[in-house]
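Enquirer: This is what each chain is made of:
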Amino acid sequence: MAERPITLTIAALGGQGGGVLADWLIEIAEAEGYLAQSTSVPGVAQRTGATIYYLEFFPRAAAERAGREPVMALMPGCGDVDCVVASELAEAGRAIQRGLVTPERTTLIASTHRSYAIGEKSAMGQGMADTAELIELVRNHAKRLVLFDMEETAERNRSVISSVLLGALCGSGVLPFRKRTFKEEIRKSGIAVQANLAAFEDACGRAERGDSGFTGKAGPKLNQEVPAQARTPSLQPLLERIRALPAAVQPLVLEGARRALDYQDPAYATLYVERVESIATLEARPALEARPAAEGRPVALLEASARSLALWMTFEDTIRVADLKTRASRFLRVRDEIRAEPGQLFGITEFMKPRVEEIAGTLPAALGRWLLDSPRLRRWLSRRTGGKQIRTGTIFGFLTLHALQGCKRWRRSTLRFREENARIEEWLGRITRLAAEHYSLAVELARAQRLVKGYGETQERGWRNFTTLVGQLEFLATRSDGAALLARLQEAALADEEGQELARAIATLGSSAASPTMH
Amino acid sequence: MAERSFAKEVLSLRLGDGEEFHGEGILAVTKALLQSGVAYVGGYQGAPISHLMDVLADAKGILDELGVHFEAGASEATAAAMLSASINYPLRGAVTWKSTVGTNVASDALANLASAGVKGGALIILGEDYGEGASIMQERTHAFAMKSQIWLLDPRPHLPAIVRAVEQGFELSEASNTPVMLMLRIRACHVYGRFRTKNNRRPAFSAADALAAPARDYSRIILPPSTYAQEREKIQVRMPAALRFVAERGLNEIIDADAGEIGIVLQGGLYNNTLRALELLGLADVFGSSKVPLYLLNVTYPLVPDEWVKFCSGKRAVMIVEEGQPEYIEQAASQILRQHDVSARIVGKGALPMFGEYGVDVLRKGLAEFIDQWAPQLRSGGGVAASRKTEVSAVAAAKLAALVPPRPSGLCTGCPERPFFAAMKILQKEVGALHISADIGCHSFATLPPFNMGNSIMGYGLGAAGASAFGTDGGRRAVSIMGDGGFWHNGLTSGVGNAVFNKHDDVTVIIDNGYSAATGGQDIPSSRAANPNRQGNNSIVDAVRGVGVKWVKRTNTYDMRATLKVLREALSTKIRGPKVIVVDGECQLNRQRRVRPLMRKSIQDGERVVRERFGVDPDTCTGDHSCIRLSGCPSLTVKENPDPLRSDPVAHVDNSCVGCGVCGEVADAAVLCPSFYRAEILYNPSRWDRLTGRFRAALIGVLQRRSERKRLRYAL
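Residue numbers (numbering that gives the first Met the number 0), protein chains in the order written: chain A, 0 to 518; chain B, 0 to 715.
Pulled out of the complex, with its shape left as it was, chain A reads as follows:
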């Protein structure tokens, strides 16, 4: 068949350097004796949107033989693309969606990292697309695949993704250009040459190896091993109690107990385990053997409760925040995250915004209530609260937070603790009462704790939604599909901030008791 142009598509995000890569490739192609054409659609797409660059290369010699210039297209045709370079995983998916990647023809060079779209980021819970599924789809569509985390490669070499993509292209061998011409081009660009060359070489080598085999499947996050000996002998009995629980939940409960210990003290960890045990007895009850088969895991209730309970019992009060923010481990993490050189000085500024509610919550219960109940005092204080910027790196700033963290010993007497503790006990009570007759509904109630999270208004919104759901329990208990409905209500509660979806979902329940709360 007669000579045809080599066609290449770059699928990138606006401002991610797809243009730089295209320019490099043009120069390289021309240096290698090819006629090159590239087109793009800048404009608004350049502002963080998904954008496409399209290039064609044709041997100058062949054109001269024919004595005519080849006619090059300005857009890729489905099934007519030799190589697609995707700077991000979802964009690889988009390229496949557009029919640019075909098993007969296309070499796909894609990074496995994700740059999340606004829709994924702004979800009130888990909104990210399933990487494992994306990877699987990407794997099934290309003729040849070069697949690895190019962002990580760029980061490691302190370079940019465009040099990694260029290296991957070179290593893939899909373009008939010599490696030294690629490298020459990077040198010519004259910016961060050493770093870019390092990234290029690195990527080139990985590309020669082809598919990194990355599956995107996350392993279990929870440390599965449960030691026989407690690190502190005095806690051995507590560990024994954990080891007496069903094996399936031991790692979870151990993590929960450790969390409670880290949060407060051994007594608090013990309280956690006690509460878990009381749920465990429900699981054990023979009456429950008649539990719906649909509820797959045997100890679903225990698992859900142990998880939710651990999170709820270690709710983020001002003391907890101060504690976490003053730890040495945190300082190290920040140093690592901001990429400070070893020994480089840096300051940390926190953005605390304690409202009257938070202040009252940290006070002894009686005092806190009195404060909240006296409007004049509230007003006086609220005029003095507002954005507190605390410089944790300075002596004064650190001491402030350190002192706050020190209030841990009085935590049990604080207003917030009393309130949360009461809420926890009420919630556990409901679970216990429900478990006998409506096991799966109890499981959903245990899971519903996930609605209550965050700080200030966010936390209040979560609690509002939670109580709204609780208000529906009576009705849901009368329904055979109560558990499924409660699960749907949870999703609805996480659909929007204004609670519109939740209101709609409740209306469709046709429940008479649609009032927000039951107590």
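Don't read these hints as lab results, they were simulated from the structure. A few of these clues could be false.
[Said to hold, decoys possible] Listed next, the in silico DSS-like pairs over lysine-lysine satisfying Cα-Cα at most 27 Å (straight line):
no.: 1; chain 1: B; residue 1: K573; chain 2: B; residue 2: K428
no.: 2; chain 1: B; residue 1: K146; chain 2: B; residue 2: K233
no.: 3; chain 1: A; residue 1: K387; chain 2: B; residue 2: K564
no.: 4; chain 1: A; residue 1: K187; chain 2: B; residue 2: K7
no.: 5; chain 1: A; residue 1: K352; chain 2: B; residue 2: K638
no.: 6; chain 1: B; residue 1: K364; chain 2: B; residue 2: K348
no.: 7; chain 1: B; residue 1: K364; chain 2: A; residue 2: K142
no.: 8; chain 1: A; residue 1: K352; chain 2: B; residue 2: K424
no.: 9; chain 1: A; residue 1: K407; chain 2: B; residue 2: K709
no.: 10; chain 1: B; residue 1: K502; chain 2: B; residue 2: K573
no.: 11; chain 1: A; residue 1: K178; chain 2: A; residue 2: K142
no.: 12; chain 1: B; residue 1: K428; chain 2: B; residue 2: K552
no.: 13; chain 1: B; residue 1: K600; chain 2: A; residue 2: K187
no.: 14; chain 1: B; residue 1: K348; chain 2: B; residue 2: K146
no.: 15; chain 1: A; residue 1: K352; chain 2: B; residue 2: K564
no.: 16; chain 1: B; residue 1: K364; chain 2: B; residue 2: K314
no.: 17; chain 1: B; residue 1: K549; chain 2: B; residue 2: K573
no.: 18; chain 1: A; residue 1: K352; chain 2: B; residue 2: K428
no.: 19; chain 1: B; residue 1: K309; chain 2: B; residue 2: K233
no.: 20; chain 1: B; residue 1: K398; chain 2: B; residue 2: K364
no.: 21; chain 1: B; residue 1: K398; chain 2: A; residue 2: K142
no.: 22; chain 1: B; residue 1: K564; chain 2: B; residue 2: K549
no.: 23; chain 1: A; residue 1: K387; chain 2: B; residue 2: K428
no.: 24; chain 1: B; residue 1: K364; chain 2: B; residue 2: K290
no.: 25; chain 1: B; residue 1: K398; chain 2: B; residue 2: K638
no.: 26; chain 1: B; residue 1: K314; chain 2: B; residue 2: K348
no.: 27; chain 1: B; residue 1: K424; chain 2: B; residue 2: K638
no.: 28; chain 1: A; residue 1: K220; chain 2: B; residue 2: K638
no.: 29; chain 1: B; residue 1: K502; chain 2: B; residue 2: K549
no.: 30; chain 1: B; residue 1: K348; chain 2: B; residue 2: K309
no.: 31; chain 1: A; residue 1: K182; chain 2: B; residue 2: K7
no.: 32; chain 1: B; residue 1: K118; chain 2: B; residue 2: K197
no.: 33; chain 1: A; residue 1: K387; chain 2: B; residue 2: K424
no.: 34; chain 1: B; residue 1: K638; chain 2: A; residue 2: K216
no.: 35; chain 1: A; residue 1: K142; chain 2: A; residue 2: K216
no.: 36; chain 1: B; residue 1: K290; chain 2: B; residue 2: K309
no.: 37; chain 1: A; residue 1: K216; chain 2: B; residue 2: K398
[Unchecked claim] Covered stretches of chain B (chain A as the covering partner; in silico rule of three or more C-beta atoms under 8 Å from a C-beta of chain A):
no.: 38; region: 190-197
no.: 39; region: 265-276
no.: 40; region: 282-288
Here a beta-carbon is modelled for each residue, glycine too, at the ideal position from N, C-alpha and C.
Could you slot chain B onto chain A? The hints should help.
Expert: Coordinates of chain B only, in the frame set by chain A:
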């Protein structure tokens, strides 16, 4: 100062006879103008023609040597009016803008120019913003050409062809005393290619010559009876002259082929994609020799009847490849063929979609349908694509549709407009939903997630005017938003002045980021950057006061509390009349371009430098993402929750963070959460820094180790 520097491109404007130019289509046009002895160039920036303006703005030196006058007009209307210089004098002039939006703005001047007619070649270079990536409503420039009888060139997207079109455009304009439009599609403007250059030409006649001996010809004035004479002249003189020129100079191309019973007529701009489609169908080779005869319209208005008759006679069917709607060419062709009793069947829209961009796949499908119906024997050859599977399997397609997230455009990392729209979001939580009349510019992105704000967009600078109907009705005040670009483009008069005159009681926000940012960061009258060629620093506040606004407030977008305060006041104040708020915040793209190198240099020079960036503590973030819903900064993203007990992803600030400060402001103003921190990274610390640093580290270390010991007293 535009978003990027064009120093390199400017050099290519100096290339002389026989040298090879490498670069973008729109830059080839720029070079072609200088080769054609253009005397003056104007325009208004906007994709896809911004680069033409940017390069000339950076090319002052060359322009001065050649005696070419260049200016960035206040609007497309200004640019179009500039062409009046070619009415009375043999001055070659060119103007450029984004079409059809810019052509809408310019059409008053254009209509008058077309009626008066021109002595010197007048070329209007239009970036046809149609199809994928377009940022405007979808219309055709073709209609403007027809209504005012301005000739329309649509050359092949191939640099030599584009350059030729510029040169021939001037000649055609002079031969027919009519302005000429040169239309280039988005991809043609940005196509990288090469062409052989010629020396630049000094204009034979200069503006100075004109001013020295002003020429006046009453018949060129737009007033009866001249206007009637001009209309007659258009039809009886200019049109025939144009047709003669187009035919004699062979501006359109006929590519003959053996398959004589059918043929394809196409717009020049669609040549490359059409040829590729034919090649994939096995009907053409890569060098453009086609099995089907082609009639290539490099001039799409006016059409040359004789050429149509010649091409279509004896053919059973002719396909017309014409992008966009209405299908003006198809309509005109039908009339021509009918009047000349040419029986060839016209196949166009129907086989090809009535609307939307004509990419290779669309064309391949349409052409295949045409060929299969009228000359199936041609396809026996099979063709490259015939064997190739092109569609994604239905299953995979469905999965992908579910998995691949939409990726709408948004405000850049550190954009100063972000904190303002976050403030607007908080404000609406307090006072309830507002009617917001939006405008054209980066701030248009606020109509997309996560802000989802703005009820209508009426055009560039028309944000305030768009709220007129709500201006005086006592209820909750309407808010209109306008960028500084739109404000100077026409918003000062059409919006603010109008609101004063009609006693509107609404709120107008003018976002002053210092540049015409969305079009590439060009300077505008209020730009602060020192620019030797222009007078910047013209105050928006003064201008607003000048047209009679009493209530004007200025606020910095990064001070969200102050901004909120001003907004609340504007909505609640007893004072009647328009309330104007100017929110300041320099475009981050331009700012970074200015600041980054300086910082790098200071660090190298050993100066003490503090670099700020933000971060999120994953152990206090609970994964609600309120912060992201209020900010949407690209550098504020999510990552898997490191906490084994939690599944909701945590917020995370990646390394693209420029430390603009919005995260802290949002966390503060919205009472979000304490997870955000700002890190101040210190370069080249002073001795004092090092001393206090050591002291702090020591003391804090002691305390940290103590509480660590306390914690580890008990461990499971």
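Enquirer: The structure should be examined with respect to each hint, and the outcome stated for every one.
Expert: Against the structure, the hints:
{"no.": "1", "hint": "K573/B - K428/B", "in the structure": "holds (22 Å)"}
{"no.": "2", "hint": "K146/B - K233/B", "in the structure": "holds (12 Å)"}
{"no.": "3", "hint": "K387/A - K564/B", "in the structure": "holds (19 Å)"}
{"no.": "4", "hint": "K187/A - K7/B", "in the structure": "holds (14 Å)"}
{"no.": "5", "hint": "K352/A - K638/B", "in the structure": "holds (25 Å)"}
{"no.": "6", "hint": "K364/B - K348/B", "in the structure": "holds (12 Å)"}
{"no.": "7", "hint": "K364/B - K142/A", "in the structure": "holds (24 Å)"}
{"no.": "8", "hint": "K352/A - K424/B", "in the structure": "holds (19 Å)"}
{"no.": "9", "hint": "K407/A - K709/B", "in the structure": "holds (12 Å)"}
{"no.": "10", "hint": "K502/B - K573/B", "in the structure": "holds (14 Å)"}
{"no.": "11", "hint": "K178/A - K142/A", "in the structure": "holds (23 Å)"}
{"no.": "12", "hint": "K428/B - K552/B", "in the structure": "holds (22 Å)"}
{"no.": "13", "hint": "K600/B - K187/A", "in the structure": "holds (21 Å)"}
{"no.": "14", "hint": "K348/B - K146/B", "in the structure": "holds (22 Å)"}
{"no.": "15", "hint": "K352/A - K564/B", "in the structure": "holds (18 Å)"}
{"no.": "16", "hint": "K364/B - K314/B", "in the structure": "holds (22 Å)"}
{"no.": "17", "hint": "K549/B - K573/B", "in the structure": "holds (13 Å)"}
{"no.": "18", "hint": "K352/A - K428/B", "in the structure": "holds (19 Å)"}
{"no.": "19", "hint": "K309/B - K233/B", "in the structure": "holds (26 Å)"}
{"no.": "20", "hint": "K398/B - K364/B", "in the structure": "holds (25 Å)"}
{"no.": "21", "hint": "K398/B - K142/A", "in the structure": "holds (20 Å)"}
{"no.": "22", "hint": "K564/B - K549/B", "in the structure": "holds (18 Å)"}
{"no.": "23", "hint": "K387/A - K428/B", "in the structure": "holds (23 Å)"}
{"no.": "24", "hint": "K364/B - K290/B", "in the structure": "holds (17 Å)"}
{"no.": "25", "hint": "K398/B - K638/B", "in the structure": "holds (23 Å)"}
{"no.": "26", "hint": "K314/B - K348/B", "in the structure": "holds (19 Å)"}
{"no.": "27", "hint": "K424/B - K638/B", "in the structure": "holds (25 Å)"}
{"no.": "28", "hint": "K220/A - K638/B", "in the structure": "holds (14 Å)"}
{"no.": "29", "hint": "K502/B - K549/B", "in the structure": "holds (11 Å)"}
{"no.": "30", "hint": "K348/B - K309/B", "in the structure": "holds (22 Å)"}
{"no.": "31", "hint": "K182/A - K7/B", "in the structure": "holds (22 Å)"}
{"no.": "32", "hint": "K118/B - K197/B", "in the structure": "holds (25 Å)"}
{"no.": "33", "hint": "K387/A - K424/B", "in the structure": "holds (22 Å)"}
{"no.": "34", "hint": "K638/B - K216/A", "in the structure": "holds (15 Å)"}
{"no.": "35", "hint": "K142/A - K216/A", "in the structure": "holds (23 Å)"}
{"no.": "36", "hint": "K290/B - K309/B", "in the structure": "holds (18 Å)"}
{"no.": "37", "hint": "K216/A - K398/B", "in the structure": "holds (17 Å)"}
{"no.": "38", "hint": "190-197", "in the structure": "holds (count 3)"}
{"no.": "39", "hint": "265-276", "in the structure": "holds (count 6)"}
{"no.": "40", "hint": "282-288", "in the structure": "holds (count 4)"}
Going through the hint list in order, the structure satisfies each hint without exception.
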